[in-house]
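All chains should be built: construct the whole structure from the sequences, respecting the hints.
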Amino acid sequence: MSQERAFFNEMLREDGSARPAYARLARWLDAQPVNFLNRKSREAETIFRRLGITFAVYGAQEATERLIPFDPIPRIISAAEWRRLSAGIDQRVRALNAFLHDIYHRQEIVRAGRIPAELILQNEAFLPEMVGFSPARKVYSHIIGTDLVRVGENDFYVLEDNTRTPSGVSYMLENRETMMRLFPDLFQMHRVAPIEHYPDLLRQTLESVAPEGARKDPTICILTPGIYNSAYFEHAFLADQMGVELVEGRDLFVDAGRVWMRTTRQPKQVDVIYRRIDDAFLDPLTFRPESMLGVPGLFDAYRAGNVTICNAPGTGIADDKAIYAYVPDIIEFYTGQKPLLNNVPTWTCSRPDDLAYVLDNLADIVVKEVHGSGGYGMLIGPTASKREIAAFRDVLKANPKNYIAQPTLALSACPTHVASGVAPRHVDLRPFVLIGDQVRITPGGLTRVALKKGSLVVNSSQGGGTKDTWVLED
Amino acid sequence: MLGRTAASLFWMSRYQERSQNTARLLEVAYRIAMVPHTGADETEDWRNALACAGCEAGFRAKGGEVTPRTVINYMIFDKDNPSSVRTCLEMARNNARSVRTGITSDMWESLNTTWIEFSDVKPQALTHDRLPEFLAWVGQRAQQFRGALLGTILRDDGYYFSQLGHFVERADHTARVLDTRYWILLPDNDVGGTGHRYQWSSLLRALSGLRSYRFAYPDAQLKAFNVAEFLILRKEMPRSLAYCYDWINGTMDDLTNYYGERMPSADLAAAIWSQLRDGQMRDIYSAGLHDFLVDFAARNNAFSVRLAQDYNFA
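Sequence order for the protein chains is Y and V. Going left to right, the first sequence walks through residues 1 to 474 as UniProt numbering numbers them. Going left to right, the second sequence walks through residues 1 to 314 as UniProt numbering numbers them.
Check the hints yourself; a few may be wrong.
[To be verified] Just a few of them, taken from the derived set where beta-carbon distance is under 8 angstroms, the chain Y residues facing chain V:
1) Arg49
2) Leu51
3) Ile227
4) Ala236
5) Asp251
6) Thr264
These are calculated hints, taken from the structure and not from any lab test. Just so you know, these numbers come straight off a predicted model, no measurement behind them. Cβ coordinates follow ideal geometry from the N, Cα and C atoms, glycine included.
Laid out in structure tokens, this is it:
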């Protein structure tokens, strides 16, 4: 997208006055001495580094752990805006779970002709092993991170539904902790909805989906690939905050159809596993035989109903980018209501008409790999060179099924601390949703910010930063 | 507690203890190299530091010549040396990282800060005159971690495994240091032993015991018999073999009570402890000091292997 294109400024109206939710913050920013934010940014970085709040960068040697840049200016969402957003998210995650249950059972949505059968059955993310199996409470995706962008006053779009193993919630929590340490006075001036109970809610959610017949006080653990995983900090953080064991595959074993932890004394039975490893690595007996990360026999224990895996295997089909275009249909089909949140218009390159349009308009649109994540394997037309576009054209033609395309959106921008002072930078938002015996949405989420002027790329692996997200209470 | 958590706590403490020991050996070599001593090979003190740390073979395998610079680089910065300060600090931190849920934030921040600060040190910046300050820093960071551990960790099985790693490593180190120069502790050397005085004092210094030795022995005279007794059998000396096993044995009793079950490793620890508690220097000498030290190191190692089996170290 060109830098000149108009975008929605979340703090300031066109006449330069502050919108109501930002009024206090704008006044406060004006009153701070020069260098104040520089100092606070340095303080924040020291805190993050000492606590080891890092993420690992794949492929980068030596400095394999990095800090995500933290922006000290909060993003503010009014209570009314949040009510609308959370109603839309609630509707969406319920529909997606209903969709997952349906496609692994009667596939009514396919029979009704609302989704092409091959899109499901030939999809890599569809797990035949899950067919006919119902997880506890019929919940498949227990933890969802819904990526939202804003393009206007009342114009929010869902960019992606992360229904497999969304990460970033530890940054949401640590950003808030850090902000409370740095700016106690700002909190006194605002009524910010608290988020620090997220680990309690996560624990309640996980307990509520223990297998039927599990003991009253179910044993929960978090399954991590280990300390070299990019989100390891988050895995350890959540285990610590919930007071549960953080396990690796080698800490677990299956015996007599049940899952056990290897402890210093007798083995201990596990009821709920919040796994942070991908489906393919869960169980070498069922999936990739060479994987060392998982637990042999885990899938059989799961299918026998002796352990709950969160999120369920096979949930990836619900956030597959090829399915994304159908989510409005999915919502209507399962809820009978119009979607409350918009989808970004999407061209599915497997359709000849769509592909033709995409090839003609590569310079203006964004093309994404269906299975890609983290900003890799994509083309951002407006900022790409002619050579990049030409090269991508060949890749796309060779395997159109692997791509979708969307128009570039004029992402909203929030005031952000930069070298020259405070300037608007583009943002997105990932609220975190928990689905168990009820749907719980934490007010706020992780705001990611593109720190480079004009840039729309907010991914941490591509140099984006994060900021605290405040939902105001009435 | 997960078996792997127990293993990580055990190794976290071992590596942390080892970082300090390696730094202390270098400090002693550095000191002695400044004292003029006749006839000796100038690199002997540095070679000695390598031997005490058990990394002479590894150093030789790299094909380098023994100079102060090469030894310092190998013992501080070399990634392939399992006892280098760098390896120890990184492994202590990695083990702590994999059990973030089993340690306190004070412990974690201590190890993490040490590693971050160490990572900023460039080998070429560590000139000869900067070395003592750096080595003292390594020692202080180890003490700081130990303080954080003792001051904050819950007294449960996590604490016990961490203590065991600490004292198994210390016992191993002391036995190793003694064995590399056991002959200077043979009683024959007491006859006209003035030439050995600086060797005895360096030995005591390497184990942080020179000053306390003077308080422990009323005449304060350095004698082979007393130095050996001090470092092996005196349980007031915090780096003696006896002191380490007094702790290990007590900790195994605590662990037995905690789990309500006595494991074979507890019996091994008790046997080693009673041998040291009831031991006499005269008997050790008559059986052979070198053999005693070799045997001790083997039993100490056997204890840690058995401990790992008993408590499912993954």
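Hints, verified against the model:
Against a cut-off of 8 angstroms between C-beta atoms, the interface hint on Y/Arg49 holds, since the closest Cβ of chain V lies about 6 angstroms away. Look at Y/Leu51: its Cβ gets to within about 7 angstroms of chain V, closer than 8 angstroms, so that hint holds up. Interface hint at Y/Ile227: satisfied, since its Cβ lies 5 angstroms from the closest Cβ of chain V, which is below the 8 angstroms cut-off. At a threshold of 8 angstroms, the smallest CB-CB gap from Y/Ala236 to chain V is about 4 angstroms, leaving the interface hint in force.
With its C-beta approaching chain V no nearer than about 5 angstroms, Y/Asp251 sits inside the 8 angstroms limit, and its interface hint holds. The beta carbon of Y/Thr264 comes within 4 angstroms of a beta carbon in chain V, closer than 8 angstroms, and the hint placing it at the interface holds.
In summary, this structure violates none of the numbered hints.
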